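Sequence order for the protein chains is H and B. Everything in the first sequence is counted per the numbering used here, starting at 1 for the first residue and increasing by one. Everything in the second sequence is counted per the numbering used here, starting at 1 for the first residue and increasing by one.
Listed next, the in silico DSS-like pairs over lysine-lysine satisfying Cα-Cα at most 30 Å (straight line):
(1) H:Lys243 / H:Lys279
(2) B:Lys12 / H:Lys243
(3) B:Lys18 / H:Lys205
(4) H:Lys14 / B:Lys70
(5) B:Lys12 / H:Lys205
Pulled a few chain H residues facing chain B out of the computed Cβ check, cut under 8 Å:
(6) Val72
(7) Phe75
(8) Cys102
(9) Gln114
(10) Asn184
(11) Leu187
(12) Asp216
(13) Glu267
Bear in mind the hints are in silico, worked out from the structure with no lab data behind them. These numbers come from a predicted model, not from an experiment. No residue lacks a Cβ here, since even glycine has one placed at the ideal position from N, Cα and C.
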Amino acid sequence: MSSALDVLPRSQHKTVQIVVPEGISLTLELPSIGERLAAFALDVFACVIGLLPIAVLTLLTGADAGEELLMVCIFLLRNCYFIFFETRMGGVTPGKRVVGLCVIDQSGSKLTPQVLLVRNVMREVEFFVPMQLLMAGDWLYSAWEVIPVVCWLGFFTAFPVFNNKHLRVGDFVAGTLVILVPRNLLLPDLARPDIQCAFSDAQLKMYGEEELHVLDHVLRMEASEATAALRADVARRIRDKIKFVPAIGDVDTFLADFYTAQRAFLERRRQLGKEKKNKHE
Amino acid sequence: MSGDSPVAHGLKSVDFRKSREASWVELDELLHRATRFGRPLTSDELMRLPMLYRTTLSSLSIARSIALDKSLEAYLENLCLRTFLYLNAPRLAPDEHILRMLFPPGAFKALRPCMLVALGTIVLGMVTGICLVLRQPLWAPVLMHASLISQHDGPMDNLFMRILPISLLATGTGLFLALPSLVLLAWHGVVLGAVSLLLFQGAVIPADYVLGMFTLAATLLLCGTAGLRLGWALLFPGPLRRMASVVAYSSVMACMVSSASAIALIGALGAWMAS
Chain H
1 MSSALDVLPR SQHKTVQIVV PEGISLTLEL PSIGERLAAF ALDVFACVIG LLPIAVLTLL
61 TGADAGEELL MVCIFLLRNC YFIFFETRMG GVTPGKRVVG LCVIDQSGSK LTPQVLLVRN
121 VMREVEFFVP MQLLMAGDWL YSAWEVIPVV CWLGFFTAFP VFNNKHLRVG DFVAGTLVIL
181 VPRNLLLPDL ARPDIQCAFS DAQLKMYGEE ELHVLDHVLR MEASEATAAL RADVARRIRD
241 KIKFVPAIGD VDTFLADFYT AQRAFLERRR QLGKEKKNKH E
Chain B
1 MSGDSPVAHG LKSVDFRKSR EASWVELDEL LHRATRFGRP LTSDELMRLP MLYRTTLSSL
61 SIARSIALDK SLEAYLENLC LRTFLYLNAP RLAPDEHILR MLFPPGAFKA LRPCMLVALG
121 TIVLGMVTGI CLVLRQPLWA PVLMHASLIS QHDGPMDNLF MRILPISLLA TGTGLFLALP
181 SLVLLAWHGV VLGAVSLLLF QGAVIPADYV LGMFTLAATL LLCGTAGLRL GWALLFPGPL
241 RRMASVVAYS SVMACMVSSA SAIALIGALG AWMAS
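Given only the sequences and the hints, what does the whole structure look like? Please build it.
Written out as structure tokens, the structure reads:
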């Protein structure tokens, strides 16, 4: 079963532990930079959509007055959008919700509106102001003025890459963290109420908790030809290792029975304080 | 079956799960309804949430110690996390709190020394500008040419291309011990002094330019204060570590910057309507 450990899905995301005020530690998954960028792009897209009516109006009526009004509206919208949603929806904007992200306080305490304000003001500084300066091409006369702005933008955009929690400067200063919040489903219990094969204690002593975990994962895999072959292989290995004499019969039944027996055995040992982590102990 | 049949003893984790599963499913269902757009939870259901949260946390704790079902543990952890996020979400009615957000009660008092320094710098600059123009009137056009606000751009362009970036720069360079902030304050003070003197002497200057100058003065004052505070927090963090002291004052500084932006926006709108 040692090479079967490869079937365990490797966690793709970095994790961080926080302790909730009740004293229990929870594991938080950190999104990758691509996921954060995707959420941000969706939010900006939503802002652009929101501005379309005004932009169309400006184009139709013509004149500079409309253009300046548009600039003011862009400024107001890009600030208010983020602050409004993050305070109203509990640290989640629509773009973040689609990707499944959430903003929390790093210390595990309640998010205050002040903290969200800091985050969003910093986003102005990091991204929107230099972007605006760069896009209004006629203001910047020479390379001497473009290069500092590009460096400014580049520094802040690259900041999340250089720290292990993928914090923006805004997150850093405000003390917040962006995490992934998937919704897990309650899977049915694999332990069966009664089992057909009998295993002796000596047989159940061979494996430890890690192997049980692997078996759990194998049993929960979706049925397919490859899975059936894998399960048959696992059943054969177990049988050889524990020297189980009678013929196996149905592979799935054998594995489920073994799982139930093994889990009961290891849980009893755990209760008595004799944990067995893996087969090498 | 042999005498050691584990089923005869009963899996503890199975019993545990049977007894608690109903409450987890209820919590999951409540959460799902609460976070969806639609009918909000009734007050009875809301009262159930904290209690269910605490029992689920204790279930998680028990599962971690006795049960060897990883998927159950992952489910409980996820459920606890989602409940925690929901219960700790900021509850804010925007119309209630927005003024308190922009102008928090203790902020101005806490920043008083820095504001006095910023104000003093601008006033010094103004005095310098006035003296320069009084002695040699040719200074006036030179200073106005070198001013931070352009006479040629419209007030909105001035707002976004000059006033806001410069003010943000004044705050951000607090990282460099706020020396650039002081330079910006002094420079603007000089030009402002010259313009004020010209106005006093009766010269004709476009109204939107003058309004822009005063808007920038107000904005720079607020942002310069924030920048000075930032520099101070870095130089003299007191009992905290440097980054921690920055974080501690960050909300106050953000409020300064946002109120400055609000003032800048109002000033620019006024200038635009005057032009």
